[in-house]
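Enquirer: This is what each chain is made of:
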Amino acid sequence: GQNIDQPTEMTATEGAIVQINCTYQTSGFNGLFWYQQHAGEAPTFLSYNVLDGLEEKGRFSSFLSRSKGYSYLLLKELQMKDSASYLCAVRGHGSSNTGKLIFGQGTTLQVKP
Amino acid sequence: DVKVTQSSRYLVKRTGEKVFLECVQDMDHENMFWYRQDPGLGLRLIYFSYDVKMKEKGDIPEGYSVSREKKERFSLILESASTNQTSMYLCASSQWENNQPQHFGDGTRLSIL
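Chains as they are written, first to last, in my numbering: chain S, 495 to 607; chain W, 7 to 119.
Everything labelled a hint here was simulated from the structure, so no lab data went into it. Mixed in with the good hints there might be a few duds.
Stated by the list, open to error - With a cut-off of at most 27 Å between alpha-carbon atoms, the simulated DSSO-like pairs for lysine-lysine come out as follows:
id, chain 1, residue 1, chain 2, residue 2
1, S, LYS575, S, LYS551
2, W, LYS9, S, LYS551
3, S, LYS575, W, LYS19
4, W, LYS61, W, LYS19
To be verified - Coverage of chain S stretches by chain W, computed from C-beta distances (three or more under 8 Å per stretch; other residues unrestricted):
id, stretch
5, 529–543
6, 593–599
Where a beta carbon is used, it is the ideal one built from N, C-alpha and C, also for glycine.
If we strip away everything but chain S, and leave its shape as in the complex, we get:
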């Protein structure tokens, strides 16, 4: 079967660094996406990884290890506005051209002062 696992909730302090993990088991692999979703709003795209390694975008970085079926999202210099849910999604085999993604259930991050 296909499965994506993320922790349900995390708490961190303003100004700190937090790492949100995602493990996946899918039929093939054509890329991994991270989305941010604030309460009551639509998910917005954060990052994309298809090769092993770290992709950095300002305060946010995303890492991928295809051999381990593992990714993480790293948020630095946390701000209160980073309180949101973070969704991990994988494009599996056979999803080329259809754009279909398999989503994890999301990690709700609460940033405290």
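Use these hints to put chain W onto chain S, whose structure you have.
Expert: Chain W alone, transformed into the frame defined by chain S:
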């Protein structure tokens, strides 16, 4: 910027009614998707379409149908609404390339009474 527009932000309907949810995207995307999002269950794919008049079932298609007569518009139809279809419905679109993310509309919070 990509714009995905859902026709209603909030909608209240009665059990047994036929309900139409409309979604329009303005970026000529090939792929379009309908999800529902419920607490603790994450995003679940109902139906998707990778071309005009083409549709494929997602993970939870029962009780729903879709229509894609034009490339920019993807409609979700609840044939006979039931209370267990009360949910947040999210539409998304994407280009066909693997590295292209899905872009989401603001969502329709649908209540079936």
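Enquirer: Can the restraint linking LYS575(S) and LYS19(W) be considered satisfied, given a maximum Cα separation of 27 Å?
Expert: Distance ~34 Å between LYS575(S) and LYS19(W) Cα, so the pair is violated.
Enquirer: Tell me whether the statement that chain W covers the stretch 529–543 of chain S is true, taking a Cβ distance below 8 Å and needing three residues at minimum.
Expert: Holds: 7 residues of the stretch 529–543 of chain S have a Cβ under 8 Å from chain W.
Enquirer: LYS575(S) and LYS551(S) were given as a pair; does the straight-line alpha-carbon distance stay at or below 27 Å?
Expert: holds (17 Å)
Enquirer: Are LYS61(W) and LYS19(W) close enough, with their CA atoms no more than 27 Å apart?
Expert: holds (26 Å)
Enquirer: Report holds or violated for chain W covering the stretch 593–599 of chain S, Cβ cut-off 8 Å, minimum 3 residues.
Expert: holds (count 6)
Enquirer: With a cut-off of 27 Å on the C-alpha distance, tell me whether LYS9(W) and LYS551(S) pass.
Expert: This hinted pair holds, its Cα atoms lying about 23 Å apart.
Violated hint: 3 only; the structure is consistent with all others.
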